[in-house]
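K.L.:
Top line first, the protein sequences correspond to chains A and B. As numbered in the working numbering, residues 256 to 411 make up the first sequence, in order. As numbered in the working numbering, residues 8 to 441 make up the second sequence, in order.
Check each hint, because a few of them may be wrong.
Said to hold, decoys possible - Calculated pairs, BS3-like style, for lysine-lysine (alpha carbon to alpha carbon, straight line, at most 25 Å):
hint : chain 1 : residue 1 : chain 2 : residue 2
1    : A       : 389       : A       : 285
2    : A       : 330       : B       : 176
3    : B       : 248       : B       : 232
4    : B       : 391       : A       : 369
5    : A       : 302       : B       : 351
6    : A       : 383       : A       : 330
7    : B       : 391       : B       : 351
8    : A       : 330       : A       : 262
9    : B       : 176       : B       : 351
10   : B       : 283       : B       : 248
11   : B       : 283       : B       : 232
12   : B       : 232       : A       : 330
13   : A       : 285       : B       : 232
14   : A       : 391       : A       : 347
15   : B       : 141       : B       : 130
Claimed, not checked - If you only want the chain A side, here are some residues facing chain B, beta carbon under 7 Å, derived:
hint : residue
16   : 301
17   : 305
18   : 306
19   : 307
20   : 308
21   : 316
22   : 326
23   : 387
24   : 403
25   : 404
FYI, nobody ran anything at the bench for these hints, they're computed from the structure. From a predicted model like this one, the values you see are computed outputs, not experimental measurements. Don't be surprised by glycine CBs; every beta carbon is placed ideally from N, CA and C.
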Amino acid sequence: MLADVEKYLYREVRLLDERRFEEWTDLFTKDGYYWVPAYPNQTDPFKNVSIFFDDREVMRTRLSRLDHPNIHAQKPHSRTVHIVSNIEIDEKHDVEGEILVHSTLQMMEFRLDKQTHYGGRAQHLLVKSGDGFKLKWKRVDLINCDGAFEPLAIPF
Amino acid sequence: MTAYDTNTLRGLVQPDRVHRDFYIDPEVFDIEMERIFGRIWLFVGHTSQVPNNGDYLTTTVARQPVIMSRDRNGDVHVMFNRCTHRGSQVCLEQFGNTKRFECPYHAWVFNTDGSFAGAPYPKGYEEGFLEKEKLDLVKLPRMEIYRGFVFVSLSTDVPDIDEFLGPMKDHIDAFCDRSPVGEVEACAGVFRYRYDGNWKLQMENQTDVYHIMFTHVSTTDEDGKQFRREGAEEDEAGKVKVLAKNSRLDDQWEEHPLGGHRHGHVYMGRFAMDKKNSGPVYDRYKASMEEAYGDRAEENMTVRTHNSIFYPHWSIQHLTQHIRVMNPISVDRTENIIIPLKLKGAPEEMWHAALRSNNNSHSPSGMVMSDDMEVWVRCHEGLKTQSTDWVVLARGMNEKFTGDNTGTYESHGTSESGARNQQLAWVDYMCGES
Chain A
256 MLADVEKYLY REVRLLDERR FEEWTDLFTK DGYYWVPAYP NQTDPFKNVS
306 IFFDDREVMR TRLSRLDHPN IHAQKPHSRT VHIVSNIEID EKHDVEGEIL
356 VHSTLQMMEF RLDKQTHYGG RAQHLLVKSG DGFKLKWKRV DLINCDGAFE
406 PLAIPF
Chain B
8 MTAYDTNTLR GLVQPDRVHR DFYIDPEVFD IEMERIFGRI WLFVGHTSQV
58 PNNGDYLTTT VARQPVIMSR DRNGDVHVMF NRCTHRGSQV CLEQFGNTKR
108 FECPYHAWVF NTDGSFAGAP YPKGYEEGFL EKEKLDLVKL PRMEIYRGFV
158 FVSLSTDVPD IDEFLGPMKD HIDAFCDRSP VGEVEACAGV FRYRYDGNWK
208 LQMENQTDVY HIMFTHVSTT DEDGKQFRRE GAEEDEAGKV KVLAKNSRLD
258 DQWEEHPLGG HRHGHVYMGR FAMDKKNSGP VYDRYKASME EAYGDRAEEN
308 MTVRTHNSIF YPHWSIQHLT QHIRVMNPIS VDRTENIIIP LKLKGAPEEM
358 WHAALRSNNN SHSPSGMVMS DDMEVWVRCH EGLKTQSTDW VVLARGMNEK
408 FTGDNTGTYE SHGTSESGAR NQQLAWVDYM CGES
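Same shape as in the complex, but just chain B (with noise of 0.2 Å):
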């Protein structure tokens, strides 16, 4: 029996406020791993991740496991990692090249397109039933792949993938096409990483300027700049300035563009960089961009925003050049997958550039990620206190918006408004309105 209806649901998100239990619920998680994770396209991983006929690589999709493979005609499938006979994992490894699946248990084969390959002994079946069972590792319900991007859905019944995307569908393409081939490649490996604090605290932290220089005020050198992010050259170019010399809230901040769309979906403006990126290397890449892309060269080398956070469970971080994925769970514990990527084409020093910026900041020890993941679970234990019920995110409640806030809105600052927006698409999902 739930002591959850669709009226207590939508009381816990008020304007201006949400109620604790939004986070720290139980009962709230588990709705939510059903009307909104059980009901929307996910991410799984990028095509580049398994580049080869063979190649896969297992992970999970709101918590079930999930084999990603390519198989031996290039096409790229994601299927439950669940033998169909008794029900076992047929795959451990993070990643591999495999001619099949096989199962520990009673060594059930599989193609790596999912399908049955075949079960030893097979005169113990009655005659024809390995061939009228179906017995292929089942797919996920709906796939679609765009510029490598793979989503699925684990219900057939979601919106069209353009549909749910939308204006969001821009941003992927505005990475991809900064490479001069218009690609872009996993190929480092990922990391992982494991936080005791609830997936929502994440996704709106991602979409908060407000905390930046605060909570990462010990990446800053004196000048109030951190360390580089982007540009292979060895100057100031690609540093962030976090703060300014007499304060730490200042007009940079405050003008910094935010946005997002219907569906929850968020992104914030570009950071504020030191110098623009120049030098050798940057022309190298400027004329293969120039090459490509003719006109247009200079728009495509652009980066106009720092993030985009797609809802419910990951992000493009444009500038440090990753894919983020959040997997929760538990209403607690939360998974990060960090995808780093490549721009395909492009000079090779820019490539290791990106790489060691994504050591330095999103690996398990970077230095911005950590402080960040410390602020999640201070704040999953301190909504454990009964001390008020509310969390409040009023912030830039009384700014002017372009947009209603439930379909494509501007603002700007250090706004909450990105929190909110993904806060009434929560609504609509757990509501069922979406």
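Pulled out of the complex, with its shape left as it was, chain A reads as follows (with noise of 0.2 Å):
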């Protein structure tokens, strides 16, 4: 099982290098989000601003748009390499069918000279679908959260 999910973390985390942003987005369910708290310790996205926090539908804007000709703030893209371990899973998660995967995560990033890395930890609810899974949320709290920042394009 660990191996499955491990397998399923890397290749997550590749489509996002590999810019293949659509695939990427059919990973989450249907009501699947992506969320990134802008403090740490969140319950919920409602109480406070996010860094990111996209659900299907901005998920594509946000997407979409990183493939579009005249998006100045990635001209040129980004390129970006995230690196995910200690994955661990949760053994106190215990819903039928779900999967509670802990991980830390880092991602550098470099463009136009400047190479840039965050890091920090990373949560992905896996539910079983067919023979594989589909996420149902990825949550990202980086150890900047509440830091000042550059601008970001690419998730975490």
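Take the two lone chains and join them into the complex the hints point to.
P.N.:
Shown next, in the form of structure tokens:
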């Protein structure tokens, strides 16, 4: 089981690094979301602002924009590499058909002679779907979530 | 020895153009900090950011670290974040609640109203010294609060706040009066980001209609509409019409109302929406507004301005529902603080929609903000070249103004009148005439 989960997470971030954004969006269930809170220890995305809080519709808008010929903030594009490690299945999460996964996540981004390094803890809620999984949500808690940022484009 | 006297400063701003040193010269920046930011009303925060007694937040005012706190009696204070002993900042948390501020160096303590509460081993001082010396945390020289908006100045010699805000006060009222209880709440935290560019590039950009359909073209769908900015129903209402079918620059934008007032304040009229708000959530909002305001409900619910840009460094974004603060760090570095505002008493669904709209457009990953920041950085870099000294802001110079560009005026469309109005105020402040 852990091996399958690891394989899934590695592929999930590889899709982002390979700019296969449509395929990445399709990993999520219909009601799936991607959440990056702007403060530590958040429990409710409607309580405070979020760096990302994308349902499928916003994801599509955001990620199709990344392929727009005139997305100025991404001309030239960022190159990214995501590193997922310390993957653990949450033994206490006891919901039929669901797997809650904890991991550490880093993203290195290079654009215009500048390399930026982001890191934090990630959680994925996977639901069994056919032979594989669908992503009910992915949450990333950056260590600098309440810091001052420069513009972000690629999901963590 | 400065290279700038009143004449050289005045010479940087021509009627239809400005010299690149206006944006990129560190010496000009230093003079701005003294003559503009040092002598004018600046925005610190909203009282609802410190709702409970003992709440505080830390921020900067013209590069100086400050604390805004609510004391044990409920009064709000703004004071310099500097121990009156050896100068250490007494608090570094972004926000929190406390009984006292304690300096990390020698544990001097201060109450939440800034008053000195004691120093360890007081016998080491001559008798009566601690009582006699003024050791309270130093307050900003002036502070005024209008409908929860907290203003301070770094000099006591500033105009009356009512005179300074002038007709812009109505813009604060208009925002607050969209709430059935006439109050806004900054209760969702803030976004902060920084870019490598001069603060004025952003101030001018906020009044620039001309860039919207070009800089932000990648935010539009195949019908030329942007994502939803307003309204809680799942329909087309609240989506901004950016592009027309056959043209990027159509009559919609050329008719767009702009305007401004003296002291450099400007505003942009409301953007065209695809569809009027309607639906069950909106109906509930309408009912609560009618109950609160009677005949004035419709007027209070109508958003008339897209933004209101208060010179020199903050704005109300009415549509996206936030306060935006531009804090200069250096000539080529600026920090933004985005403070989303809830309309107190309006349906919760509307607040959720506004919060999501802020996440989508003006978070660090915001689809609108990121393209803007890219442009300001590119401008700042481009202006370093010796190609030409002048930045041309002549658009709309041929239009018939209502007003004379030194007081209240009205303009329209893609005119660069807003930037010019800010620049006229800049000359007044820098050359000592405001």
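K.L.:
Does each hint hold? Answer for all of them.
P.N.:
A quick look at each hint next to the structure:
With a C-alpha separation of about 10 Å, the suggested pairing of residue 389 (chain A) with residue 285 (chain A) holds against the 25 Å cut-off. Straight-line distance between C-alpha atoms of residue 330 (chain A) and residue 176 (chain B) comes to about 40 Å, which puts the hinted pair past the 25 Å bound. Proposed proximity of residue 248 (chain B) and residue 232 (chain B) is supported: the alpha carbons are some 5 Å apart, at most 25 Å. Distance check on the hinted pair: residue 391 (chain B) and residue 369 (chain A) sit about 19 Å apart at the alpha-carbon level, within 25 Å; holds.
A threshold of 25 Å between alpha carbons decides the hint, and for residue 302 (chain A) with residue 351 (chain B) the separation of about 14 Å falls inside it, so the pair holds. Between residue 383 (chain A) and residue 330 (chain A) the CA atoms are separated by roughly 38 Å; this puts the pair beyond 25 Å, and the hint is violated. Note on residue 391 (chain B) and residue 351 (chain B): the hinted pairing is violated, with a Cα-Cα distance of about 46 Å set against a maximum of 25 Å. With a C-alpha separation of about 32 Å, the suggested pairing of residue 330 (chain A) with residue 262 (chain A) is violated against the 25 Å cut-off.
Our distance criterion of 25 Å between C-alpha atoms is met by residue 176 (chain B) and residue 351 (chain B), whose separation comes to about 19 Å. The suggested pairing of residue 283 (chain B) with residue 248 (chain B) holds, with an alpha-carbon distance near 12 Å, which does not exceed 25 Å. The hinted pair formed by residue 283 (chain B) and residue 232 (chain B) meets the criterion: a straight-line CA distance of about 14 Å does not exceed 25 Å. A distance of roughly 22 Å separates the Cα atoms of residue 232 (chain B) and residue 330 (chain A); the hinted pair therefore holds under the 25 Å criterion.
Between residue 285 (chain A) and residue 232 (chain B) the alpha-carbon distance is near 23 Å, which keeps this suggested pair within the 25 Å criterion. Between residue 391 (chain A) and residue 347 (chain A), the direct Cα distance comes to roughly 18 Å. Compliance with the 25 Å bound is thereby established for this hinted pair. Of the supplied pair hints, the one linking residue 141 (chain B) and residue 130 (chain B) holds, its CA atoms being roughly 18 Å apart against a limit of 25 Å. The interface hint given for residue 301 (chain A) is met, as the beta carbon of that residue sits about 5 Å from the closest beta carbon of chain B, less than 7 Å.
A least Cβ separation of about 5 Å between residue 305 (chain A) and chain B falls short of the 7 Å threshold, and the interface hint therefore holds. At about 5 Å, the closest approach between the beta carbon of residue 306 (chain A) and any beta carbon in chain B falls short of 7 Å, and the interface hint on this residue holds. For residue 307 (chain A), the interface hint holds, the least distance from its beta-carbon to any beta-carbon of chain B being 5 Å, beneath 7 Å. Using the Cβ-Cβ criterion of 7 Å, the hint placing residue 308 (chain A) at the interface with chain B is satisfied: the shortest such distance is roughly 5 Å.
With a cut of 7 Å, the hint placing residue 316 (chain A) at the interface with chain B holds, because the nearest CB-to-CB distance is about 5 Å. For the restraint placing residue 326 (chain A) at the interface with chain B, the shortest Cβ-Cβ distance is roughly 4 Å, inside the 7 Å limit, so the hint holds. For residue 387 (chain A), the interface hint is violated, the least distance from its beta-carbon to any beta-carbon of chain B being 28 Å, above 7 Å. A distance limit of 7 Å between C-beta atoms decides the matter here; for residue 403 (chain A) the minimum to chain B is near 4 Å, and the interface restraint holds.
The interface hint given for residue 404 (chain A) is met, as the beta carbon of that residue sits about 3 Å from the closest beta carbon of chain B, less than 7 Å.
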